[in-house]
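*Asks:* Residue-level listing of the chains:
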Amino acid sequence: MKKLVTPITDEDILGVQIGDVIELYGVGITSRDMAHKYIVERLMESQNLSSEDLSIYHQLKEILNGGFIYHSGPIVRREDDRWRFISSGPTTSIRTELYQHRVIKHFNVKVVIGKGGMGELTLKACQDNKAIYLHGIGGAGVLNAEKVVEILDVFKLKEFGTPEAIWKIKVEGFTGIVTMDAHGRSLHKEQLQKVKSKFKEIIVGGM
Amino acid sequence: MDLETGIFELYRKVATSLPPDVEEALRGALKRERGRARYFLEVILENIRIARAKTLPLCQDTGIPIFFVEAPPGISEQRIREAITRATRRATQEIPLRPNAVEPVTNTNSDDNTGREFPIIYFRSSQKNNLRIDLLLKGGGSENVSQIYKLPEESLGAGRDLDGVRRCVLDAINRAQGRGCPPYVVGVAVGGSVDQVSLLGKRLLLRRLDEETEAGLSEFETRLLRDINSLGIGPFGLGGKTTALAAHFDYAHRHPATYIVAVTISCWAHRRGRLIWR
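Protein chains in written order, with numbering that gives the first Met the number 0: chain A, 0 to 206; chain B, 0 to 277.
Wrong hints could be hidden among the right ones.
[Unchecked claim] Capping the alpha-carbon separation at 16 Å, the derived lysine to aspartate or glutamate pairs in EDC-like fashion look like this:
no.	chain 1	residue 1	chain 2	residue 2
1	B	Lys53	A	Glu145
2	A	Lys104	A	Glu44
3	A	Lys146	B	Asp162
4	A	Lys199	B	Glu76
5	A	Lys199	B	Asp110
6	A	Lys146	A	Glu158
7	A	Lys157	B	Asp110
8	A	Lys195	B	Asp110
If you're looking for bench data, these hints aren't it; they were derived computationally from the structure.
Just so we're clear, the structure is a prediction, and the values are computed from it rather than from any experiment.
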């Protein structure tokens with residue numbers, strides 16, 4: 000078990016590789032389908048940002064520099080004027096493939112957490128910008144929520160709704176397995192090759 | 000207890016625990032697996048235990064609620080629909096469920112899990128004395144990897160027979176890889192129209208995993224499960240012997256020109272439950 004604490008450095012990232020189990024500590028955000036589209040198409044590309052957009056942009060700059068993005072749409076509860084995550088496992092990451100590599104580069108994101116793995120664009124961004132993809136345990140919502148010790152803020156809650164809002168969170172001991180590293184290796188790619196040959200063999204096997 | 004409360008309690012049970020046969024199948028898988036696959040299954044089982052003990056939703060994606068209602072004569076469909084709507088709002092607040100109903104034109108979340116045709120409700124009349132309500136909480140990740148095929152399918156060498164169906168199933172699972180949270184539960188249905196086989200495939204997900212199927216079909220189901228697991232996709236697609244916990248098969252009569260196959264996939268968090276209302 001290796002430990003990563005935000006702000007995470009290039010050296011930290013180069014010290015881990017696929018197959019490593021990681022315990023993550025520190026601050027980052029949740030961001031999934033709508034939020035990735037918003038971050039790239041609005042915050043990064045638009046010339047006319049509202050004051051709200053500008054404020055979010057500058058805060059994300061600070062949070063994500065050496066921080067993490069968690070692909071998750073949590074169940075939340077409001078208790079005594081504070082938000083709490085009730086259940087929050089990872090969601091399928093590949094849906095953000097078109098955006099993720101640009102977000103990693105622009106904000107110096109060090110860890111992307113999700114499930115199911117990502118494609119070539121993200122793998123290359125991990126290599127070029129010294130980042131990793133951390134595979135969480137899909138569906139293990141309660142266990143994952145227990146590692147989210149504090150909700151520090153939330154952006155775009157009203158517009159995007161609970162699952163798609165950008166939640167600024169602090170995690171302690173969030174656990175996952177590195178499946179894409181900064182050395183250009185992807186466990187998903189290697190696994191896919193194995194399944195591919197098996198698939199060909201079984202499908203022509205006949206009844 | 001009124002019907003609304005009954006449905007609310009059904010929601011609570013289904014969102015926070017797994018049926019015993021599903022948990023048993025996961026324990027069985029744990030015995031077979033080693034290394035990474037075993038670690039994943041241990042975490043899954045621990046999560047199931049804590050969710051049940053704390054009565055919290057075991058997965059944050061509490062899904063699309065899909066109701067299958069079988070009502071005796073004389074019970075008003077409208078009354079049941081209203082009870083489901085009220086119970087859904089209450090469950091979203093109190094359990095809580097994740098608000099998952101998104102209006103697709105403006106992409107606005109209704110915030111209470113109700114909306115146009117949401118939850119999904121299927122009605123059937125029944126000759127029994129009791130009202131029976133089955134609930135599936137069907138996650139979005141596994142819904143995205145379900146597939147429809149129209150045989151013959153040249154690219155798979157799949158003709159209009161059970162071997163063709165088998166090839167479709169393997170293709171669907173191969174395309175899904177780990178994206179829908181395996182180990183999966185798979186419902187395979189053949190028939191003559193897209194809506195018919197989609198619904199038939201969904202209904203198969205209501206079966207107990209260890210349920211005896213009709214004579215003549217169980218061998219095919221066993222073969223499907225064996226082939227799926229031979230792919231080696233494993234828990235979360237990172238390798239292992241257990242890619243699916245069960246494969247169910249059913250058919251409807253088809254049209255001479257059509258041979259349509261639905262491969263309906265559920266994640267390991269296979270949440271289903273039944274309310275019998277006397």
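*Asks:* Verify the proposed pairing of Lys199(A) with Asp110(B), using a straight-line Cα cut of 16 Å.
*Replies:* Violated, at roughly 45 Å.
*Asks:* Take the C-alpha atoms of Lys53(B) and Glu145(A), compute the straight-line distance between them, and say whether it is at most 16 Å.
*Replies:* 12 Å, holds
*Asks:* For Lys157(A) and Asp110(B), compute the direct alpha-carbon distance and say whether it is at most 16 Å.
*Replies:* 10 Å, holds
*Asks:* Between the alpha carbons of Lys199(A) and Glu76(B), is the straight-line distance 16 Å or under?
*Replies:* Since the Cα atoms of Lys199(A) and Glu76(B) sit roughly 49 Å apart, the hinted pair is violated (cutoff 16 Å).
*Asks:* Is the hinted pair Lys146(A) and Asp162(B) satisfied, with a Cα-Cα distance of at most 16 Å?
*Replies:* Status violated; Cα separation ~46 Å.
*Asks:* Need the status of pair Lys104(A), Glu44(A): alpha-carbon distance at most 16 Å?
*Replies:* Given that 16 Å is the threshold and the Cα spacing comes to 14 Å, the pair holds.
*Asks:* Given the hint that Lys146(A) pairs with Glu158(A), test it: the Cα-Cα distance must not exceed 16 Å.
*Replies:* 27 Å, violated
*Asks:* Quick one, are Lys195(A) and Asp110(B) close enough, alpha carbons at most 16 Å?
*Replies:* 41 Å, violated
The structure is inconsistent with the numbered hints 3, 4, 5, 6, 8, although it conforms to all the rest.
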